[in-house]
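Visitor: Below, each chain spelled out in residue letters.
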Amino acid sequence: MSSTYNFTALKTIWIKECTRFLRIWVQTLVPPAITMTLYFVIFGSIVGERIGEMGGRPYMEFIVPGLIMMSIITNSYSNVASSFFSAKFQRNIEEMLVAPVSTSVIIVGYVGGGLARALIVAVIVTLVSFLFVDNVQIYHAGILLMTVILTSTLFSLGGLVNAVFAKTFDDISIVPTFVLTPLTYLGGVFFSIGLLPGIWESVAQFNPVLYMVNAFRYGFLGISDVNITLAMGVIVGFNLLFFVTAYTLLQRGTGIRS
Amino acid sequence: MKALSIRGLKKTYKGGFDALKGIDLDVNEGDFFALLGPNGAGKSTTIGIIASLVNKTAGSVSVFGYDLDTQLVELKQQIGLVPQEFNFNQFETVRQIVVNQAGYYGVARSVAMERSEKYLKQLGLWDKRNSPARMLSGGMKRRLMIARALLHEPKLLILDEPTAGVDIELRRSMWDYLEQINKQGITIILTTHYLEEAETLCRNIAIIDSGEIVENTSIKRLLATLNMETFVLDLELDGLAVEDIKLDGFNFKVAEEHTIEVDVEKSQGLNKVFEQLSAQKVKVMSMRNKANRLEELFVKMVEKGRANTAANVAAKKAGAAS
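Note that the protein sequences, when read in sequence, are chains A and B.
Read in order, the letters of the first sequence correspond to residues 1 to 258 in our numbering.
Read in order, the letters of the second sequence correspond to residues 1 to 322 in our numbering.
Read the hints as simulated data drawn from the structure, not as lab findings.
We put the CB at the ideal spot given by N, CA and C, even for glycine.
Wrong hints could be hidden among the right ones.
Per the computed footprint, the stretches of chain B lying under chain A, defined by three or more beta-carbons under 8 Å from a beta-carbon of chain A, are [what the hints assert, rightly or not]:
1. 105–117
2. 241–252
List time: in silico DMTMM-like cross-link candidates among lysine to aspartate or glutamate, alpha-carbon distance up to 25 Å [said to hold, decoys possible]:
3. A:Lys11 x B:Glu117
4. A:Lys167 x B:Glu85
5. B:Lys14 x A:Asp171
One-sided and incomplete, this derived list gives chain A residues near chain B with beta-carbon spacing under 10 Å [unchecked claim]:
6. Thr4
7. Thr8
8. Cys18
9. Thr19
10. Asn92
11. Glu94
12. Glu95
13. Met96
14. Leu97
15. Phe132
16. Val136
17. Ile138
18. Lys167
19. Asn227
20. Gly253
21. Arg257
Could you put together the complete structure from these sequences and hints?
Guide: This is the structure:
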């Protein structure tokens, strides 16, 4: 089939996905704005003033990149997980399965939806941060943008894999609750891992979210707890792993074909 | 050209259930074909495999010469599927659903918008184009699925019980529509529980039971195998009590005060019934078949198929024991 055909199918899935999260904007775009405002108020203003500096920057400035990254991770993941699982649950995934849509197009279409939502949420959270931080600077726009795109892609793929295996709506909330939240909170959003005692600093190095948060913080502030090249390598590596996993599962028809 | 050709198709589900046991089936281009069978016979599995919603265990499927294993993209382009259950996003509007479906088939959005107007108007859904699908009635949802299946203009339309739960008036209007598109050249395969539907619409038929094809022929030929029919006669009795009617050579019973049911063998003909009734000064005011003829045949075919299967199993066991 021609590339025009694939592009039309891809555009259709992407528009459908964007229409979905924009239609329910109260559930998808407003909550991150409220949650992050609360984080800025409580951790940034109230607690932050007592903390002083972190990584050589005022605490409020330090947590801004982490909180934006946290929103990107959560929204990418939940957008694809809930959309793909709903399509499975209502069986409208069959609309795509009966059509000559390739597995790669389905994956890229859904990931594109997750990415779009993550970018909109990232802009909203950044705008909210302007209320609390006087001077938001960008140290390295290239790394900043690449980290956003790759992290959002990775967690969109993660949401897709979760949705493929999920059999009930509970199954798509287990991973965010028991895996994503702990990894994000322990991934250096609120603190520099240099503060962790002894062995825990070494253990923290196995947390992939640490590399995303720090690469993003480097793009914003020019500071990082980890080597940036290593961080980008880890993010790209996980992207490849999750793409291959999602592709293999969908190609086999796991969870979607009898 | 064959619109559909199936050879040795087998499906064994996880757990070992054999849903299809190696069926062969051909449907000619332009045909209106009925696939009948009781619940769990393998109809939906067959359709699922053709539409690539179900992975086959063995065998081959080709649609207009395109092979399911090697030319999947081309094969899918030929097929429009109307599934048994509503499987669209209930929150999307009617137009979004059909236009998106066309997009999955690579139809440009501008073309899809034009076609959506054409098909939604033909199926009486144009006024509802901006309504979310969940607001539609059951009949409208069925028509929406037909419109959705037609938007990429397939050559083969497969309908899995399209009129289930639809009222009589709407069912007949759907029949008219399907006949109309069949005349325009679209091959149609239909599964249904309404045997009257198959008898009215279809030219050829396959009956499937327990994963095997037990009959595959034309409806005409199938009906010709029927030896006896029961007719219901509404009578005007000239002072005669209905119980006193005599019909020599025929089995009949009194159904109501002015109604009798007569079994007529093909060799006997109806004239002898009318002659005898006229001799008794009884007028026949109206007459109809008691049961749907196809229904009788369907039951016979399924029973025959099961008896053969049981006999084969018994023979195998006996062979194994000796």
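Visitor: Let me know if the C-beta of Glu95 (chain A) comes in closer than 10 Å to any C-beta of chain B, holds or violated.
Guide: holds, 6 Å
Visitor: How about Phe132 (chain A): closest beta carbon in chain B under 10 Å, or not?
Guide: Since the shortest Cβ distance to chain B is 36 Å, the answer is violated.
Visitor: Taking the least C-beta to C-beta distance, is Asn227 (chain A) closer than 10 Å to chain B?
Guide: This hint is violated: Asn227 (chain A) lies away from chain B, its Cβ roughly 44 Å from the closest one there, beyond 10 Å.
Visitor: Holds or violated: the hint that Lys167 (chain A) contacts chain B, with Cβ atoms closer than 10 Å.
Guide: violated, 14 Å
Visitor: Would you check chain A against the region 105–117 of chain B, counting CB to CB pairs closer than 8 Å, and say if three or more residues qualify?
Guide: holds (count 5)
Visitor: For the hint on Arg257 (chain A), just tell me whether its beta-carbon gets within less than 10 Å of chain B.
Guide: holds, 6 Å
Visitor: Does the CB of Thr4 (chain A) sit less than 10 Å away from some CB of chain B?
Guide: It holds, given that the least Cβ distance between Thr4 (chain A) and chain B is near 7 Å, below 10 Å.
Visitor: Under the criterion of a CB-CB separation shorter than 10 Å, is Gly253 (chain A) in contact with chain B as hinted?
Guide: It holds, given that the least Cβ distance between Gly253 (chain A) and chain B is near 6 Å, below 10 Å.
Visitor: Against the 25 Å threshold, does the CA-CA distance of Lys11 (chain A) and Glu117 (chain B) hold or violate the hint?
Guide: holds, 21 Å
Visitor: Under the criterion that the straight-line Cα-Cα distance not exceed 25 Å, is the pair Lys14 (chain B), Asp171 (chain A) satisfied?
Guide: holds, 22 Å
Visitor: Taking 10 Å as the limit, does the beta-carbon of Leu97 (chain A) come near enough to a beta-carbon in chain B?
Guide: With a minimum Cβ separation of about 6 Å from chain B (threshold 10 Å), the hint on Leu97 (chain A) holds.
Visitor: At a threshold of 10 Å, is the proposed contact between Met96 (chain A) and chain B supported by beta-carbon distances?
Guide: Hint holds; Met96 (chain A) Cβ to chain B Cβ min 6 Å, cut 10 Å.
The earlier numbered hints that this structure contradicts are 2, 8, 15, 16, 17, 18 and 19.
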